[in-house]
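J.: Since the structure of chain A is already known, use the hints to place chain B on it.
So the chains spell out like this:
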Amino acid sequence: DSGVTQTPKHLITATGQRVTLRCSPRSGDLSVYWYQQSLDQGLQFLIQYYNGEERAKGNILERFSAQQFPDLHSELNLSSLELGDSALYFCASSVGAGASYEQYFGPGTRLTVT
Amino acid sequence: AQSVTQLDSQVPVFEEAPVELRCNYSSSVSVYLFWYVQYPNQGLQLLLKYLSGSTLVKGINGFEAEFNKSQTSFHLRKPSVHISDTAEYFCAVSFYGDDKIIFGKGTRLHILP
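Just so you know, the sequences run in chain order A and B.
Each step along the first sequence adds one to the number in my numbering, with nothing skipped, and position 90 is 90.
Each step along the second sequence adds one to the number in my numbering, with nothing skipped, and position 61 is 1061.
If you are wondering where the hints come from, they were derived from the structure by calculation, not from laboratory data.
Treat the hints with caution; some may be incorrect.
[Unchecked claim] If you want a taste of the chain B side facing chain A, the calculated C-beta under 8 Å gives, among others:
# : residue
1 : G1053
2 : D1085
3 : F1090
4 : S1094
5 : K1100
The C-beta atom is built at its ideal place from N, Cα and C for all residues, glycine as well.
Isolated chain A (complex conformation) (with noise of 0.2 Å):
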């Protein structure tokens, strides 16, 4: 166990609509990364937020937005969804904002666009 929590585990929707992940990173950590796992792409890094601030993006549409609040949980939005956003979505925290620290992830939420 990480200490890294994500809900929810599984997430099965239609296309055009929209859902919420939620992660809430480990004790102390400041950072959250959000990152998309699937099987064309491999696993894609979205966005980093450090102590509530944006902090680096990757490849991350439009469509998708995050979040981190005070108490340091993180959101990730996803909208108009299509089948290609069918992934697993993983959230990793660590203590610092550099890559130097090492990432703790959580167990991932599956999201089936249908």
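T.: Chain B in isolation, oriented as in the chain A frame:
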């Protein structure tokens, strides 16, 4: 362009035999290098990382990796694998001054009895 390549998508190996999982990266700047493991139906876990210093890095579960700057490689090795090592292994790289980590496509390690 900066990238990371795992040359083998799958590697079968007999139990108690040695294994090497290959990773190469492309970068014009200094890098941090990582190996992560993903067991079935779980998130990723850090095996080891290279930040600076000694080029031979030891990690958890008996794994080690060697940073070779001239060959831009960071291959993962274990002298004797066990059935519990069945998992997918990801090489990852981060470039100095950039917080992002770029992951390779992964190598699935199959342990044969």
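J.: Hint by hint, where does the structure go against what was stated? Just the numbers, ascending.
T.: As far as the earlier hints go, 1 and 2 are violated by this structure, in ascending order.
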